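S.K.: Residues per chain, in single letters:
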Amino acid sequence: MSIILELFNRDRVFEFLTPVESPVDVRHGPILYLEDVNVSFDGFKAINNLNLTIDDGELRCIIGPNGAGKTTMMDIITGKTTPDTGSVWFGSRHNLLTMNEPDIASLGIGRKFQKPTVFEALTVFENLELAMAADKRVIPTLRAIMKPDFRERIDEVLQTINLAAVRNSLAGILSHGQKQWLEIGMLLMQKPRLLLVDEPVAGMTEQEMERTAELLTRLAGKQSVVVVEHDMGFVRSIARKVTVLHQGSVLAEGTMDQVSNDPEVIKVYLGEEA
Amino acid sequence: MWLTRPLRERSTQTFLGVLFAALIVVTFLHLAMPEDSVFYVSSFTVTLMGKYLCYALLAVAVDLVWGYLGILSLGHGAFFALGGYAMGMYLMRQIGDRGVYGDPVLPDFMVFLNWQELPWFWHGFDMAWFAFIMVLLAPGLLALVFGFLAFRSRVTGVYLSIITQALTFALMLAFFRNEMGFGGNNGLTDFRDILGFNLRTDATRLGLFIASGIALAIGYIVCRGIVASKLGRVSIGCRDAEARTRFLGYRVDRVQLFVFVVSAMLAGVAGALYVPQVGIINPSEFSPLFSIEIVVWVALGGRATLYGAVIGAVLVNYAKTVFTGVMPDAWLFALGGLFVLVTVFLPKGIAGLVFRGRKPKGKGPDGDAGAGKEATA
Chain V
1 MSIILELFNR DRVFEFLTPV ESPVDVRHGP ILYLEDVNVS FDGFKAINNL NLTIDDGELR
61 CIIGPNGAGK TTMMDIITGK TTPDTGSVWF GSRHNLLTMN EPDIASLGIG RKFQKPTVFE
121 ALTVFENLEL AMAADKRVIP TLRAIMKPDF RERIDEVLQT INLAAVRNSL AGILSHGQKQ
181 WLEIGMLLMQ KPRLLLVDEP VAGMTEQEME RTAELLTRLA GKQSVVVVEH DMGFVRSIAR
241 KVTVLHQGSV LAEGTMDQVS NDPEVIKVYL GEEA
Chain D
275 MWLTRPLRER STQTFLGVLF AALIVVTFLH LAMPEDSVFY VSSFTVTLMG KYLCYALLAV
335 AVDLVWGYLG ILSLGHGAFF ALGGYAMGMY LMRQIGDRGV YGDPVLPDFM VFLNWQELPW
395 FWHGFDMAWF AFIMVLLAPG LLALVFGFLA FRSRVTGVYL SIITQALTFA LMLAFFRNEM
455 GFGGNNGLTD FRDILGFNLR TDATRLGLFI ASGIALAIGY IVCRGIVASK LGRVSIGCRD
515 AEARTRFLGY RVDRVQLFVF VVSAMLAGVA GALYVPQVGI INPSEFSPLF SIEIVVWVAL
575 GGRATLYGAV IGAVLVNYAK TVFTGVMPDA WLFALGGLFV LVTVFLPKGI AGLVFRGRKP
635 KGKGPDGDAG AGKEATA
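These protein sequence lines are chains V and D, in that order. For reference, each letter of the first sequence is one residue, going 1 to 274 in our numbering. For reference, each letter of the second sequence is one residue, going 275 to 651 in our numbering.
It should be emphasised that the hints constitute simulated quantities derived from the structure, not laboratory data. Owing to the predicted nature of the structure, the values given are computational and were not obtained by experimental measurement. Note that CB positions come from ideal geometry on N, CA and C, so glycine has one too. Accuracy of the hints is not assured; some may be wrong.
[Unchecked claim] Here are the in silico distance ranges between beta carbons for each label pair:
id, chain 1, residue 1, chain 2, residue 2, range
1, V, 100, D, 283, 35 to 45 Å
2, V, 100, D, 476, 52 to 62 Å
3, V, 43, D, 419, 33 to 43 Å
4, V, 67, D, 422, 32 to 42 Å
5, V, 147, D, 288, 24 to 34 Å
Construct the complete structure from the given sequences, taking the supplied hints into account.
M.R.: Given below as structure tokens:
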């Protein structure tokens, strides 16, 4: 009887009744943790025993020759590809392998694609509005109204990515570099904990590249940023820690100087360039 | 509130103004002019225009999913016909014992087939409120189940179009069968009353015409409300960059499902108002050709504008009425020729021609790219 009464006791909140709170747990250091991940496509091992940890607030560059598994790695983290074996954790609480793409996105992992993908038929402002961290279910989205603090937040990001002057232009008419920034801005609107940025300076002019480097270094610290890039000069200009991927696993890790003096790395990658 | 937002827009105000002005003028000319005057609008014409308004609502529904969500449905006739059948069943039950065989409960075709009792799914249709709910529910449920399966599996583009064709074709074959209990290839006809009003009087016909106009206005506001909301911009996102929308944290399949179901319900309402005006519903409304024709109306009028769909539906159907009267054989050639001409010379449709100066929102910088992608995907 007392057990039944206990059930009706409104002071008590049972554990299974409390909503699952999910702040990302980074007390143990790393925000992203990949262990022994393997993926093969039709027998081809795209990812081969990959181990990688990213610390909270870190800016990490990942380099590697074509086919090293850089994009596949991003696919795994964002839930697009499921690995054959291994584990992927976001903080020490969230197992990313059990989650789908929208859930992972709302957890705070933002991804910038290799090719800039923005909504070309919408204005710059509207692009950022859609990206804003908000209730993204259907009915709340239908009833959503633009509040002044939302507007402020969008203005703030517009300043950060240097697009305030073109806020009401269609995203389709932006230059290639501007589209890349807009996409980074869209990631920022999501208030992400971790930004995955795939080749941010492909097709950019020197000047645009400099501004992108400045933008990314400014973001690191507040967010963790993982940059996949081919352009060595660009990597050198922003990188504190570099990971070299080769044939689906980590070949070397360290500062740019350490990595570029590593004989293994010189053999498979830098050697070809030098 | 998302539904009242469109009422503050200039374009919606203009559209509603023109629509209501047309309703009032037609009503006035029908009631006040002497029958031998050149301005007199006959009861036949009133019903004909009521029919166009139903088609216009159907076109708006298709434009909502095709123009703003990028889902080219070639099976919207199915939802239109289901709404029509729900209304038809109500009208059949209203005949009562005035049918040829005089059975108080069973419709004529069931007596003819020697059925002893009413099939279970015909129960409740003697009550107007139940039938009117079914007008929304039957197409809505079909769209929900179909959409759930299709969108969850991420079926899009031309594959989805083909499946929607198959859907409406399968329904047509099913409704042709007498055993289905929907009157087989004769369909449902010989209607007498709606809500106690005799369907054969001029006043009832005028009432149905006005009701169609109001339904079109409401349907337009609902669609415009969705399109002008944040959800509308998310829909455009799903249309143009599905993966990006997903990575922003939106459940693309749910957005598609919601908009698709709303569109199917609007199509159902259009069908329900269409049936009492033409006096018959039969399986030919499920024919794949009809569904394709709807898409042609929208393309001609101007995709992703909503009012373009209305213009397209009314103009094409008016042309059809005229042509099939003068040269019945030439109609399909005329429609085909018109479609080719508009696609080549007016990629944004008639709406693009009329409103060339203004930039319709939600339309890409290269208006035809979306349509072209759809066709070649």
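S.K.: Please go over all the hints and tell whether each is borne out by the structure.
M.R.: Hints, one by one, checked against the model:
1. Between residue 100 of chain V and residue 283 of chain D the beta carbon distance is about 36 Å. The supplied range of 35 to 45 Å therefore holds.
2. Distance hint check: the CB atoms of residue 100 of chain V and residue 476 of chain D are about 58 Å apart, consistent with the given range 52 to 62 Å.
3. Remark: the range hint 33 to 43 Å for residue 43 of chain V to residue 419 of chain D is upheld by a beta-carbon distance near 39 Å.
4. Take residue 67 of chain V and residue 422 of chain D: their Cβ atoms lie about 38 Å apart, and the range 32 to 42 Å holds.
5. About 29 Å separates the C-beta atoms of residue 147 of chain V and residue 288 of chain D, a value consistent with the hinted range of 24 to 34 Å.
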